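Now for the letters of each chain:
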Amino acid sequence: TQLLEQSPQFLSIQEGENLTVYCNSSSVFSSLQWYRQEPGEGPVLLVTVVTGGEVKKLKRLTFQFGDARKDSSLHITAAQPGDTGLYLCAGARSGAGSYQLTFGKGTKLSVIP
Amino acid sequence: DTAVSQTPKYLVTQMGNDKSIKCEQNLGHDTMYWYKQDSKKFLKIMFSYNNKELIINETVPNRFSPKSPDKAHLNLHINSLELGDSAVYFCASSKTGMNTEAFFGQGTRLTVV
Numbered sequence: 245t246q247l248l249e250q251s252p253q254f255l256s257i258q259e260g261e262n263l264t265v266y267c268n269s270s271s272v273f274s275s276l277q278w279y280r281q282e283p284g285e286g287p288v289l290l291v292t293v294v295t296g297g298e299v300k301k302l303k304r305l306t307f308q309f310g311d312a313r314k315d316s317s318l319h320i321t322a323a324q325p326g327d328t329g330l331y332l333c334a335g336a337r338s339g340a341g342s343y344q345l346t347f348g349k350g351t352k353l354s355v356i357p
Numbered sequence: 156d157t158a159v160s161q162t163p164k165y166l167v168t169q170m171g172n173d174k175s176i177k178c179e180q181n182l183g184h185d186t187m188y189w190y191k192q193d194s195k196k197f198l199k200i201m202f203s204y205n206n207k208e209l210i211i212n213e214t215v216p217n218r219f220s221p222k223s224p225d226k227a228h229l230n231l232h233i234n235s236l237e238l239g240d241s242a243v244y245f246c247a248s249s250k251t252g253m254n255t256e257a258f259f260g261q262g263t264r265l266t267v268v
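Going down the list, the sequences are from chains W and D. All residue numbers for the first sequence refer to the numbering used here, where the first residue is 245 and numbers rise by one. All residue numbers for the second sequence refer to the numbering used here, where the first residue is 156 and numbers rise by one.
These are computed hints drawn from the structure, not numbers from a lab. Keep in mind that the hints are not guaranteed to be accurate.
[Unchecked claim] Counterexamples of contact, computed for chain D against chain W with all Cβ distances above 12 angstroms:
1) 174
2) 230
3) 252
[To be verified] Pair ranges (Cβ atoms, derived):
4) D:228 with W:354: 15 to 25 angstroms
5) W:260 with D:216: 26 to 36 angstroms
6) W:272 with D:171: 42 to 52 angstroms
7) D:216 with W:304: 25 to 35 angstroms
8) W:274 with D:196: 41 to 51 angstroms
9) D:266 with W:254: 23 to 33 angstroms
10) D:162 with W:272: 14 to 24 angstroms
11) D:167 with W:283: 38 to 48 angstroms
12) D:193 with W:295: 41 to 51 angstroms
Since the structure is predicted, the reported quantities are computational estimates derived from the model, not experimental observations. Backbone N, C-alpha and C fix where the C-beta goes; we use that ideal spot for every residue, glycine too.
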C-alpha cells in the first residue's frame, strides 16, 4: 500500500502555463516536505510545511498543507523550462523513537519552451 | 565540500557478488539513511540509523546490511547480488528530530548483470 499518492505521475506543459501537483494520504503527518530531483542528482528540499492549512510561497511556486495534515499541493505559476524535473512529496512521521520520511512516487514535469 | 558524498557513483557487477557502497556526511548530522530508487523513480527508504537505533524497513532483504564505523559514515553492504537489486541507491542525512531536512548524496547507480 502506497502511503503517499502523488498525481499526476507525468506532466508535460508549455512554457507559461500553470500547473498543480497533488500529494494525498489517509495518514496524518507531522510535516510535509517537497523535493525536486534533477537527472543524476539526489533530491533537494524545496519547502517544509508543518501547520495544517499552511501556505508557503517560493517565487512562482506555492505550497499548501491540508487542514487535516494529510495532503498537500504544489502550484507552479507561469512554468519555465528550468522547472523541468521530478517533484517528490515526502511525509514526516515519528514512531518508536525514530523519525522517517516517506516519499510519494513523484511527478515528472516537462516544460516545453 | 560536498555535504553528503557516496562512492562509487556507478557500480556494475555480476549476480552473486558482494559489494559495498560508501557514504560520508560532513554536516554533523546524527541520523543517516539509505534509500533505493527504482526504474520508475520510486524512492523507498531502506534504513534509518542514528547512534542509538537502527530502523530497518521490513521489506528489505537481509542480504542488505548497513554498517556505521562512526557518526559521519553509513556504508551499505550487499551480499549475493541479484538482478532485481539494480537501482539507484541514495544516502541521506538529517539532524535528529522532527521536520528536519534530509540532505541527499548524488546516488550510486548499481547494475547487476
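Each hint, compared with the structure:
no.: 1; hint: 174; result: holds, 20 angstroms
no.: 2; hint: 230; result: holds, 17 angstroms
no.: 3; hint: 252; result: violated, 7 angstroms
no.: 4; hint: D:228 with W:354: 15 to 25 angstroms; result: violated, 37 angstroms
no.: 5; hint: W:260 with D:216: 26 to 36 angstroms; result: violated, 47 angstroms
no.: 6; hint: W:272 with D:171: 42 to 52 angstroms; result: holds, 44 angstroms
no.: 7; hint: D:216 with W:304: 25 to 35 angstroms; result: violated, 43 angstroms
no.: 8; hint: W:274 with D:196: 41 to 51 angstroms; result: violated, 25 angstroms
no.: 9; hint: D:266 with W:254: 23 to 33 angstroms; result: holds, 25 angstroms
no.: 10; hint: D:162 with W:272: 14 to 24 angstroms; result: violated, 38 angstroms
no.: 11; hint: D:167 with W:283: 38 to 48 angstroms; result: violated, 19 angstroms
no.: 12; hint: D:193 with W:295: 41 to 51 angstroms; result: violated, 33 angstroms
Hints 3, 4, 5, 7, 8, 10, 11, 12 from the earlier list are contradicted by this structure; the remaining hints agree with it.
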